[in-house]
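Undergrad: Sequence:
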Amino acid sequence: MKQTKPLVLGIDAGGTMTDTILVDKQGNFAVGKAPTTPGHEAEGFIESARDATDLWNLDIDKTFEELEVILYSGTGMLNTLLSRTGKRIGLIVTRGMEDAVLMGRGMESWTGYSYPDRLHAVTHAHPDPLLPRSRVRGVTERVDQFGQVVIPAYEHEATSGVKELLEQDIEALCICCMYSHVNPEHELLIGEMAQRVLAEQGVDIPIYFSHQLRPIIREQSRLNSTLIEAYATAKGRDQLLGVEAAAKQHGFSHSVQTMLSYGGLANVRYPRLHETMISGPVGGLLGAKHVGELVGADSVIVSDMGGTSFDIGAVTRGKIPIDNEPTLARFKLNLPTLAMDTIGAGGGTIVKVDPYTHKVSLGPESAGSVPGPVAMDMGGTEPTIADCDAVMGRLNPDNFLGGKVRLNIEKAKQVLQEKVADPLGVDVYEAAEGMVNLLEMEARSSIESIISTRGVDPSEYHLMSYGGSGPLHMAEYSRGLGFSGVMTFPFAAAFSAFGCTTADYLHRHSQSVHIMIDPDASEKDRDKVRRQINEIWNELDAHARDELISEGHDSDAVICEPFAMMRYTGQLEDVEVTAPAVKLESDDDLHQLTQAFETLYETINRSVSNYGEAEAGFTIMELGLSARVEKVKPELTRRPLGSAEPKSEASKGTRFMYYNRAWHEAQLWEMDMLEPGNVLEGPAIVEHPATTLVIPTGDRVRVDEWTILHYEHGD
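In the UniProt record's numbering, the protein residues as written are 1 to 715.
Pairs of lysine-lysine residues, derived as BS3-like cross-links and limited to a Cα-Cα distance of at most 27 Å, are as follows: (1) 62 / 404; (2) 352 / 411; (3) 631 / 25; (4) 633 / 25; (5) 583 / 524; (6) 163 / 87; (7) 248 / 235; (8) 5 / 633; (9) 319 / 583; (10) 5 / 25.
Keep in mind that the hints were calculated from the coordinates and are not lab data.
Sequences and hints are given; from them, build the entire structure.
TA: Here it is, written out as C-alpha cells:
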C-alpha cells in the first residue's frame, strides 16, 4: 500500500492491551497492539506504536517526526485511585465539616453493587476514604450562599492547622470551604497562610483549591474532585509525561494530548487532570458519532468489549448525553462526562465455579495483560473467557496479536477441565461455550438496560460493536434486539483510539449561579439578568482563551460556545441548553434562551413538558462555555462496491470451531483483505492481528463502501 504522510497517532491504553491507530492524510489506518505496561506505560505505548508502523513498513523515528498530533488515553490515574496508592494528602475545611470525608454521600455506600446488595442495607459500606480523619483540620470561617462573608476566616487556626498537617508528612494540601464557588476569598486567604508556613519551614508541596478545580455547587462532589486531583493525578501525570518523553526521544516535536471525560483534548500539563480519569471509553462514543454522521446513522448504541470491561453508551440524533455528576470508583464528582455504563465483562474476565455450591460467576476480576489468560502461557492460572474462545477454535493459536503470541491451547483446555468442566460435570467444550454464553447474556442484558432506561426504540438505532473482544462475541449479544443495523470495523480493536483522533481541542468551564427569571419580571429585572449572565460568560471566555493560548493555540482559533444549566423554578433536575448567541444583547436574546430550554425540555419529557413558564418561571443553576480549537481529523475512504465474492488471497483456508454444541468447519478470511461489496456467509471466522469476527451458521456479513462490516442475523 502506498502511504501519504502520517498525521495522527491515537493511543488507548486499557487494562489489558494498549491499542494504537495510525492515520494518514487519505484516511488509511494502521492498527497496532501491545500488552499494557502498568508500571511504565511508555513502554507499552512505544511497542504498540511500533506494531502500527511496522504494518506500513515505516521507520518509527521518521513517523514520529512527521506526526502532527499524538493522543494518549490511559488508565494509570484510575488504577492509582482504585489501589489507594496515591499521595499522602492533608485537608483544610470549614470548621464543623471535618467529618465530610468520612460521611460522604449516602449513595456512595451502595453504588456499584449488584441489585440484591442494593436492597439490603447490611451490605452497604462507604469506599475507603482517601485520607484519615487525623489529616483533616477545620478553620472557623463562613461565607453564605450569596457570597457574603458572615464570619471572617481565623488566620491563626489556618496557620496552626497547616503546621500540624506538615508534622504528618503530607505531600499535598487541599483547601475546601463552604460556598467558595460563590466567593473564594477565604480559600485564598487560607492558601496565603499555608504558603507562608511552607516558606518558613522550607517545604515545597502543591496546594489545591476547590474553587479553582470545580467552582460548582454540591459541596461533597466538589470536595471529592479536589481530593482526587491531589491524591491520584500526580502519578498519572508522571506517566503521561513519560509517554511524551518517549515520543520526543523518537522525534515527536509537539506536546502529547490526552482525552478529557467530556470529549475534548488537552495538553498533558492540563491543571485539572482528574478530568481525564474516565476518558478511555469516551473515544468510542466520539468515533461512533463521527462514523454515524458519515454513513447516515445519527442514532447509535455503542458497545465496547475489551479484555477487562464492557462499555455501553448512546448517541441520539447526533447528541451524546452528558452526566454532570458521575460516579468514579464509588466517589460522586462534579465532573461533566459523556454518559456511559460499564460492567466487568471482557476477554480477560476470570471464570469461577464455587467448589461447594457449583455456582458459576464471571469476574469482576480480570487476568489483565500480566499474567493474562492461561493460553498466553505467561503465568496465568485462572481460566478466562479468552481461554474458552481459544479452546473452541474461535481464536487462531498461531496468529494471536499478529503471530507475536502463540496460544497454548492444551494448557488452557487442561485448566478449564480442572476448574470448570469437572466441577460442573460437563464436557470441556460445553463448559467453555456455557461460560462464553453467560458473558454474552450479561452484555446483552446491559444493552437492554440502556434501551429500557433511556426510552430507546432500537429500530431507530444502529448498534456499533468494537473493542478487541467485541466482534468475537457480537453475534450473540446483538441477536434479537431489533436494531436497524449492527456494524463493526476492521479497526475495531482500536476504535476508541480512532475516536480520540476525531476530537477537537476542547476545554469546558462553568460556574454555579442562582439566577431566577420570574414570569412577571419587569424589563429592568430582565436587563439585570442579562447583564449578570453576560458578565460571567465574559469571565469564563477570558479564562478559557488564556488556558488554550498557554497550550500553544492562537486566540483567533478559539471558538467559545456558551451554555446554561436550567430548570423550571421548583424542579430538581437541570437541562443543559446551548445559548442562542455568545452574548445576550437584547431581551429577545434572553427569550430565545428560555425558549431553547422549553423546546429541549419538551423533547426529553414529552408527557409532562408543559410545566409552564407563566406558572413557574426559570432558574439558571450553572453558566458555562465550551472553548474549542479545531484540529485535523481522519477521513474514511469511500470506494465503489465490487464483487460479493472476496478475492482468493483473502481466504486462509478452514478451521473447525465449536458453536451451539457442535463442531463446524468454518471458512477463514483475512479482514484486511476484504473489499467493499464482499459478502461472507457463516460459518466463518474473519481474522485480524488485533481482533476476530465470528460468524455462525445462518448469519452473514457484508462490507459497505466505507469498508464497514455490517452484521446480518439469519433468524
